[in-house]
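K.L.:
Whole structure, please, built from the sequences with the hints as guidance.
Here our numbering = 1-based position in the sequence shown + 1093.
Source of the hints: derived by calculation from the structure; they are not laboratory data.
Ideal Cβ placement from N, Cα and C applies to all residues, glycine included.
Treat the hints with care, as some may be off.
As the list claims (entries may be wrong) - Taking CB as the label site, the calculated pair distances span: (1) E1103 to G1167: 24 to 30 Å; (2) I1120 to M1146: 30 to 36 Å; (3) A1166 to I1099: 31 to 37 Å; (4) L1119 to L1157: 34 to 40 Å; (5) L1152 to G1116: 14 to 20 Å; (6) F1117 to G1149: 34 to 40 Å; (7) A1166 to Y1128: 37 to 43 Å; (8) I1147 to E1114: 20 to 26 Å; (9) M1151 to V1104: 43 to 49 Å; (10) S1153 to G1102: 30 to 36 Å; (11) S1161 to G1102: 37 to 43 Å; (12) L1152 to H1131: 32 to 38 Å; (13) G1124 to L1157: 45 to 51 Å; (14) R1129 to A1166: 23 to 29 Å.
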Amino acid sequence: MGETEIPKGEVYHAVEGGNGELGFYLISDGGRTPYRLHLRRPCFIYYQAFAEMIKGGMLSDAILTMSSMNVIAGELDA
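P.N.:
Set out below in structure tokens:
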């Protein structure tokens, strides 16, 4: 099975996932494998607002807020 040469350049493409936008950023140097691939995970993006959301609240509120965000822990490991 032959391999396809990928044109030199970069592209970002996003799809709507169950928890939000899942994005793929790909950079190619014109070879057969990507030079760089980066994933934009939905949970990682909206988890960044967590500190602002719980400011001034109680610990019990922080736990409930985290639960309501539907965070997938595996996506936070960037």
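K.L.:
Each hint: holds or not?
P.N.:
Checked hints:
As the Cβ distance of E1103 to G1167 is approximately 26 Å, the hint placing it in 24 to 30 Å holds. About 34 Å separates the C-beta atoms of I1120 and M1146, a value consistent with the hinted range of 30 to 36 Å. Remark: the range hint 31 to 37 Å for A1166 to I1099 is upheld by a beta-carbon distance near 33 Å. Taking the beta carbon of each, L1119 and L1157 are about 38 Å apart, inside 34 to 40 Å as hinted.
For the hinted restraint 14 to 20 Å between L1152 and G1116, the CB-CB distance of approximately 33 Å leaves it violated. A beta carbon spacing of about 37 Å between F1117 and G1149 agrees with the range 34 to 40 Å that was offered as a hint. At roughly 29 Å, the beta carbons of A1166 and Y1128 sit outside the given window of 37 to 43 Å. Between I1147 and E1114 the CB atoms are about 24 Å apart, so this pair conforms to the stated range of 20 to 26 Å.
Evaluation of the 43 to 49 Å hint for M1151 and V1104 yields a pass: the beta carbon distance comes to about 45 Å. Between S1153 and G1102 the C-beta distance comes to about 50 Å, which lies outside the given range of 30 to 36 Å. For S1161 and G1102, the Cβ-Cβ distance of about 40 Å falls inside the hinted range of 37 to 43 Å, so the restraint holds. One distance hint, 32 to 38 Å for the beta-carbon pair L1152 and H1131, holds here, with the actual separation near 34 Å.
Between G1124 and L1157 the Cβ separation comes to about 49 Å, which falls inside the hinted range of 45 to 51 Å. At roughly 25 Å, the beta-carbon separation of R1129 and A1166 lies within the given 23 to 29 Å, and the hint holds.
In this structure, the earlier hints numbered 5, 7 and 10 are contradicted, and the remaining ones agree with it.
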